[in-house]
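Colleague: Line order of the protein sequences matches chains A and B. In case it helps, my numbering puts the first sequence at residues 1 to 116. In case it helps, my numbering puts the second sequence at residues 1001 to 1111.
These are computed hints drawn from the structure, not numbers from a lab. One should not assume that every hint holds.
Below, simulated DSS-like cross-link-like pairs (lysine-lysine); rule was C-alpha separation at most 25 angstroms, straight line [stated by the list, open to error]:
{"no.": "1", "chain 1": "A", "residue 1": "Lys3", "chain 2": "B", "residue 2": "Lys1042"}
{"no.": "2", "chain 1": "B", "residue 1": "Lys1106", "chain 2": "A", "residue 2": "Lys3"}
{"no.": "3", "chain 1": "A", "residue 1": "Lys53", "chain 2": "A", "residue 2": "Lys78"}
{"no.": "4", "chain 1": "B", "residue 1": "Lys1057", "chain 2": "B", "residue 2": "Lys1071"}
{"no.": "5", "chain 1": "B", "residue 1": "Lys1042", "chain 2": "A", "residue 2": "Lys78"}
{"no.": "6", "chain 1": "B", "residue 1": "Lys1057", "chain 2": "B", "residue 2": "Lys1069"}
{"no.": "7", "chain 1": "A", "residue 1": "Lys62", "chain 2": "A", "residue 2": "Lys78"}
{"no.": "8", "chain 1": "B", "residue 1": "Lys1042", "chain 2": "B", "residue 2": "Lys1106"}
{"no.": "9", "chain 1": "A", "residue 1": "Lys78", "chain 2": "A", "residue 2": "Lys59"}
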Amino acid sequence: GPKVLQIPSHQIIDMGQMVTLNCDPVSNHLYFYWYKQILGQQMEFLVNFYNGKVMEKSKLFKDQFSVERPDGSYFTLKIQPTALEDSAVYFCASSSGLGGRGDTQYFGPGTRLLVL
Amino acid sequence: GEQVEQLPSSLIVQEGASVLINCSYTDSASVYFPWYKQEPGKRLQFIIDIRSNMERKQNQRLTLLFDKKTKHLSLHITATQPGDSAIYFCSAKGFASALTFGSGTKVIVLP
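Pulled out of the complex, with its shape left as it was, chain A reads as follows:
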């Protein structure tokens, strides 16, 4: 099926530093998402992005988080500054928003972030 790519696969940083997680969504998709999964817990929605804007976000999407997709390049999640509780796997997803399969979200393999 359609493939979403994520870079890097793993990232280790010191608390307080900035980190940028990169997502290469499916080429014709219009909606982009980030989800967070802490080890042993359920995957939880963070944010949805469409047409250059955040459409919705959860309470997990703290002020230190930001997303953008400049000029059709990577869809990024930036955390600045990072905190220990940001350690998790971050999954990117995309959907076309068009037609019968428009709601289906396709996921990347995840970026494992460890904040020390």
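Dock chain B against chain A, hints included.
Modeller: Structure of chain B alone, referenced to chain A:
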């Protein structure tokens, strides 16, 4: 907000047997229910979905049943193979775009 509960958390079956995974949700506004499979070390893979105006959907060895009244779904996998070993996630989506996931069911199919 929406809450999705998934049971069992894990199960082990012999190759060829059937598997039943149950899922319940709380928000009656949820209208779309995709299921995903995650093999060890791999990404979430979409496997089947159903909308709230349907009661049943089949895709090869997968059958998904939906009961709007009880807010319950069940995924039935027949003639299981070792390649079906994975964690299976149900999810729910309302008119907003966010998916709410269950906690997953780890299925192990023994050869």
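Colleague: Next pair to validate is lysine 3/A with lysine 1042/B; report whether the Cα-Cα distance is within 25 angstroms.
Modeller: OK: lysine 3/A and lysine 1042/B at ~12 angstroms, within 25 angstroms.
Colleague: Lysine 78/A and lysine 59/A: Cα distance at most 25 angstroms?
Modeller: holds, 16 angstroms
Colleague: CA of lysine 62/A to CA of lysine 78/A, is that 25 angstroms or under?
Modeller: Roughly 11 angstroms between the alpha carbons, so the hint for lysine 62/A and lysine 78/A holds.
Colleague: Is lysine 1042/B close enough to lysine 1106/B, meaning Cα to Cα at most 25 angstroms?
Modeller: With a Cα-Cα distance of about 14 angstroms, the restraint between lysine 1042/B and lysine 1106/B holds, given a limit of 25 angstroms.
Colleague: For the pair we were handed, lysine 1106/B and lysine 3/A, check the Cα-Cα distance against 25 angstroms.
Modeller: This hinted pair holds, its Cα atoms lying about 23 angstroms apart.
Colleague: So if I understand the rule, the pair passes when the alpha-carbon distance is 25 angstroms or less; does lysine 53/A with lysine 78/A pass?
Modeller: holds, 15 angstroms
Colleague: Can the restraint linking lysine 1057/B and lysine 1071/B be considered satisfied, given a maximum Cα separation of 25 angstroms?
Modeller: Since the Cα atoms of lysine 1057/B and lysine 1071/B sit roughly 16 angstroms apart, the hinted pair holds (cutoff 25 angstroms).
Colleague: Would you check the hint for lysine 1057/B and lysine 1069/B, treating anything up to 25 angstroms between C-alpha atoms as holding?
Modeller: Given that 25 angstroms is the threshold and the Cα spacing comes to 17 angstroms, the pair holds.
Colleague: For a C-alpha distance cap of 25 angstroms, please report whether lysine 1042/B and lysine 78/A respect it.
Modeller: holds, 24 angstroms
Hint violations for this structure: none, all hints satisfied.
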